[in-house]
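Asks: Listed below are the residues making up each chain.
There are 2 protein chains.
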Amino acid sequence: MPRKKPIHKILEAKSIAVVGASSNPTKIGHAILKNLLISGFEGKLYAVNPHSKEILGVKCYPSVLDIKGRVDSAIIAVPASVVKDVVKQCAKKGIKGLIVISGGFKEVGNVKEEEELAKICDKHNMAMIGPNCLGVVNMNKHIDSIFLPTYKMKRPKLGDISFITQSGAVGSVILDLLGESDLGVSKFISYGNAAHVDESNLLAYLREDDQTKVIAMYIEGIKNGRRFYEELKKTTKVKPVIVLKAGRGSLASKAAKSHTGSLAGDYKIFSSMLRQAGAIEARNMEELFDLAKIFLQPLPQGKRILVVTNGGGEGVLTVDAIEEDKLELSELSKKTIGKLKRKFPKHVVIGNPLDLTGDADAERYRVALENVVNEKGIDAIIVITLFQTAGLSSEVVEDIMAISNTTDKTLVVVASGGEYTRTLMKILESYGIPTYESPSDAVNAIAKAHWYYQKRKN
Amino acid sequence: MPRKKPIHKILEAKSIAVVGASSNPTKIGHAILKNLLISGFEGKLYAVNPHSKEILGVKCYPSVLDIKGRVDSAIIAVPASVVKDVVKQCAKKGIKGLIVISGGFKEVGNVKEEEELAKICDKHNMAMIGPNCLGVVNMNKHIDSIFLPTYKMKRPKLGDISFITQSGAVGSVILDLLGESDLGVSKFISYGNAAHVDESNLLAYLREDDQTKVIAMYIEGIKNGRRFYEELKKTTKVKPVIVLKAGRGSLASKAAKSHTGSLAGDYKIFSSMLRQAGAIEARNMEELFDLAKIFLQPLPQGKRILVVTNGGGEGVLTVDAIEEDKLELSELSKKTIGKLKRKFPKHVVIGNPLDLTGDADAERYRVALENVVNEKGIDAIIVITLFQTAGLSSEVVEDIMAISNTTDKTLVVVASGGEYTRTLMKILESYGIPTYESPSDAVNAIAKAHWYYQKRKN
Numbered sequence: 010m011p012r013k014k015p016i017h018k019i020l021e022a023k024s025i026a027v028v029g030a031s032s033n034p035t036k037i038g039h040a041i042l043k044n045l046l047i048s049g050f051e052g053k054l055y056a057v058n059p060h061s062k063e064i065l066g067v068k069c070y071p072s073v074l075d076i077k078g079r080v081d082s083a084i085i086a087v088p089a090s091v092v093k094d095v096v097k098q099c100a101k102k103g104i105k106g107l108i109v110i111s112g113g114f115k116e117v118g119n120v121k122e123e124e125e126l127a128k129i130c131d132k133h134n135m136a137m138i139g140p141n142c143l144g145v146v147n148m149n150k151h152i153d154s155i156f157l158p159t160y161k162m163k164r165p166k167l168g169d170i171s172f173i174t175q176s177g178a179v180g181s182v183i184l185d186l187l188g189e190s191d192l193g194v195s196k197f198i199s200y201g202n203a204a205h206v207d208e209s210n211l212l213a214y215l216r217e218d219d220q221t222k223v224i225a226m227y228i229e230g231i232k233n234g235r236r237f238y239e240e241l242k243k244t245t246k247v248k249p250v251i252v253l254k255a256g257r258g259s260l261a262s263k264a265a266k267s268h269t270g271s272l273a274g275d276y277k278i279f280s281s282m283l284r285q286a287g288a289i290e291a292r293n294m295e296e297l298f299d300l301a302k303i304f305l306q307p308l309p310q311g312k313r314i315l316v317v318t319n320g321g322g323e324g325v326l327t328v329d330a331i332e333e334d335k336l337e338l339s340e341l342s343k344k345t346i347g348k349l350k351r352k353f354p355k356h357v358v359i360g361n362p363l364d365l366t367g368d369a370d371a372e373r374y375r376v377a378l379e380n381v382v383n384e385k386g387i388d389a390i391i392v393i394t395l396f397q398t399a400g401l402s403s404e405v406v407e408d409i410m411a412i413s414n415t416t417d418k419t420l421v422v423v424a425s426g427g428e429y430t431r432t433l434m435k436i437l438e439s440y441g442i443p444t445y446e447s448p449s450d451a452v453n454a455i456a457k458a459h460w461y462y463q464k465r466k467n
Numbered sequence: 010m011p012r013k014k015p016i017h018k019i020l021e022a023k024s025i026a027v028v029g030a031s032s033n034p035t036k037i038g039h040a041i042l043k044n045l046l047i048s049g050f051e052g053k054l055y056a057v058n059p060h061s062k063e064i065l066g067v068k069c070y071p072s073v074l075d076i077k078g079r080v081d082s083a084i085i086a087v088p089a090s091v092v093k094d095v096v097k098q099c100a101k102k103g104i105k106g107l108i109v110i111s112g113g114f115k116e117v118g119n120v121k122e123e124e125e126l127a128k129i130c131d132k133h134n135m136a137m138i139g140p141n142c143l144g145v146v147n148m149n150k151h152i153d154s155i156f157l158p159t160y161k162m163k164r165p166k167l168g169d170i171s172f173i174t175q176s177g178a179v180g181s182v183i184l185d186l187l188g189e190s191d192l193g194v195s196k197f198i199s200y201g202n203a204a205h206v207d208e209s210n211l212l213a214y215l216r217e218d219d220q221t222k223v224i225a226m227y228i229e230g231i232k233n234g235r236r237f238y239e240e241l242k243k244t245t246k247v248k249p250v251i252v253l254k255a256g257r258g259s260l261a262s263k264a265a266k267s268h269t270g271s272l273a274g275d276y277k278i279f280s281s282m283l284r285q286a287g288a289i290e291a292r293n294m295e296e297l298f299d300l301a302k303i304f305l306q307p308l309p310q311g312k313r314i315l316v317v318t319n320g321g322g323e324g325v326l327t328v329d330a331i332e333e334d335k336l337e338l339s340e341l342s343k344k345t346i347g348k349l350k351r352k353f354p355k356h357v358v359i360g361n362p363l364d365l366t367g368d369a370d371a372e373r374y375r376v377a378l379e380n381v382v383n384e385k386g387i388d389a390i391i392v393i394t395l396f397q398t399a400g401l402s403s404e405v406v407e408d409i410m411a412i413s414n415t416t417d418k419t420l421v422v423v424a425s426g427g428e429y430t431r432t433l434m435k436i437l438e439s440y441g442i443p444t445y446e447s448p449s450d451a452v453n454a455i456a457k458a459h460w461y462y463q464k465r466k467n
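Protein chains in written order, with the numbering used here: chain F, 10 to 467; chain P, 10 to 467.
A couple of the hints might just be wrong.
All copies of an identical chain are treated as equivalent in the list; a pair is satisfied when it fits inside any one copy or across any two copies.
[Unchecked claim] Here are the simulated EDC-like cross-link-like pairs (lysine to aspartate or glutamate), alpha carbons at most 20 Å apart as the crow flies:
# : residue 1 : residue 2
1 : 343       : 275
2 : 36        : 368
3 : 435       : 189
4 : 355       : 122
5 : 36        : 370
Since the hints were derived computationally from the structure, they do not count as laboratory data. If you're wondering where the values come from, they're calculated on a predicted model, not measured in any experiment.
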């Protein structure tokens, strides 16, 4: 049994050295230092660069060996040719956590150089993320080592979802989309070539991380299928794991190989392995997000869905999706039907969909939701709010948030549209209510969450 | 053979009366008049309301019969109970085009009242859109009769795509999304209960409309399947038609019935009918948009796709989608490979995907695209631009636009992210270059466009 890699030295570092720090704003080593500063890292920060005395107000040392105090982690952004020397120096200094941003290893054929780095880390009981990666973000510890400028890529808010990504490019898109939405993030880890710390190690780490409630992964290839399966199985017993696997076909595995140097393997086997391990598979990036956020809600314990809408057409589209995903339409009790009939004008369709019709205002939504939210026989509620109608005011958003606190059913909101709609959806999302642009996305997320509920129960 | 309904009197009206116009800003009859005014309608505008003399500066008449000049079309927003009288007055006045916004007909069981309206229209050779609809937009004639406030729902730009929607709610989402994107629109028609003018009539109208290059439809049920098939078949021979059918399952058809009073019919039959007629089916609203805009590009005449990317991971996801949609990866000629090898640094992967890698700048994209854009053996090019990287500047957008003019291959761009990315994507889209948030969406659109190309050729 191999020793546990000290990943916490990277993600929970109290002191960080940026090796290759630069005063030139176009350099990666500059952006990393700058982002650590503006993310509000509260620990000790060191810059390492033989040609500077101070960068961005941070004292600069010729090498890590010249630093006096303890250093938990080093973020290395130097040319590939000198990475090995830096890693050796880190070992000597007693630094246990490394992030190697630099590319130029296995992905371009330099397999041996990469293996040597891993050997040094094993020998000295260090943990290394990378090489050829984007770095990490730990929102809980204000650590942001990502080297991309904040004006091009927004940063997320603090929350419960952690992301693991093999590809840096995909990772940057994930981070940017997270920043744009109001989904909260706990950890973000871009692990690149996985020369040392791999997807299985990261799963094990996040499984035990109390601040992570949901894990979302982007994977191209895995190093050890058996080990990954075991870690995954253990993890899905305590928290949901959503996996987006790229390199599914034979053409794509070829492309993945030239990208991070990893073999994609047989997709069908991988896919059924995921299912068996209780993980949820996403087919593309949108679905990765759609599935991750459904788990911010209570799990749907059954298949019975109620649809509340102010648009008949959207209601029909939702029912289509419910049928296609093999979920069911819930039925309202006679008592509730009677109550709603007394409260609503005649043209409101008291059924499922509960069609409040195009002239529905926030009040009609409130009455409808208050009366159904604790109805037996409903496992999840999909609330469709078309804000394009004249009568529906933004008040409905606050009502939905308030009502969501009074129930343990899954509650999601569907709306799509321009800026007005998007602004309101972000408010809901920041409150932990997942929002979806289309009925089929919402239904799919609920179906997969219910599958996970069943799987975990058995 | 029934007489052709004078739909042009509605969509190309030179004089419009708003019946039920109101000075109360919360009333539909107010919003319609206001939107006609701010959309810049250049024809004659009349308000009809027995209680006012002037509304929003427009002269008001007690009834249409009191208007002196010719009136092409009347937009009717009065209670259901008086609609019939108004329609009769319109007939007497010689008005040939009607839009009945008012609900309260077949969708709530008042079948007979609705049929009577249609009979009056037939008798007097009028065309009626509705009842229970949102109205129409003709961007070419500055006609906007939609009653939803512009702050809640943006309006689109002038362009080549026309939309037909049965559901008003879905229509309002479509319009809002169109306004938010920079896709250009020619006509938008919400036809509601289809008591008189139906989907087949509208198809025939748009087929002959030179300003419409692509037709996108949202349908719940159709009135006459055979007739629809014939019109569809004729139309797809001259321009692409994309159809989103709601009410696919048996549960959903029930919901559709209580919504617009139409029967959804057997979905499988409908679906294969669409294929046979050469129409392209969309499974949800996003796909309706994704497919509509691909036709702004030259049709892909073959299956060979080249992927150009600055993100390896996104490249792999694209290849996955290409394989899953049964398209092919194109091969670059030896000559081009040699040329690119000489021009690019060693770590650039000259293959397919052509991976320009994370440090690619706009210049590297320009060189790559200029060298491949007229290469034989490529039918479509997917350009992935991850703007989250530090090196890629917005210049690449202008380069892509310029290069798109030098080729007759299909060219699309994939990028997703926050505001920065979205702004750049809108610039591309307003230039007629379709953009997609995920590789699989782009590949799916190309695959369907190629299917249409084949179908039309044979």
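Asks: Please list, smallest to largest, the hint numbers that this structure does not respect.
Replies: 1
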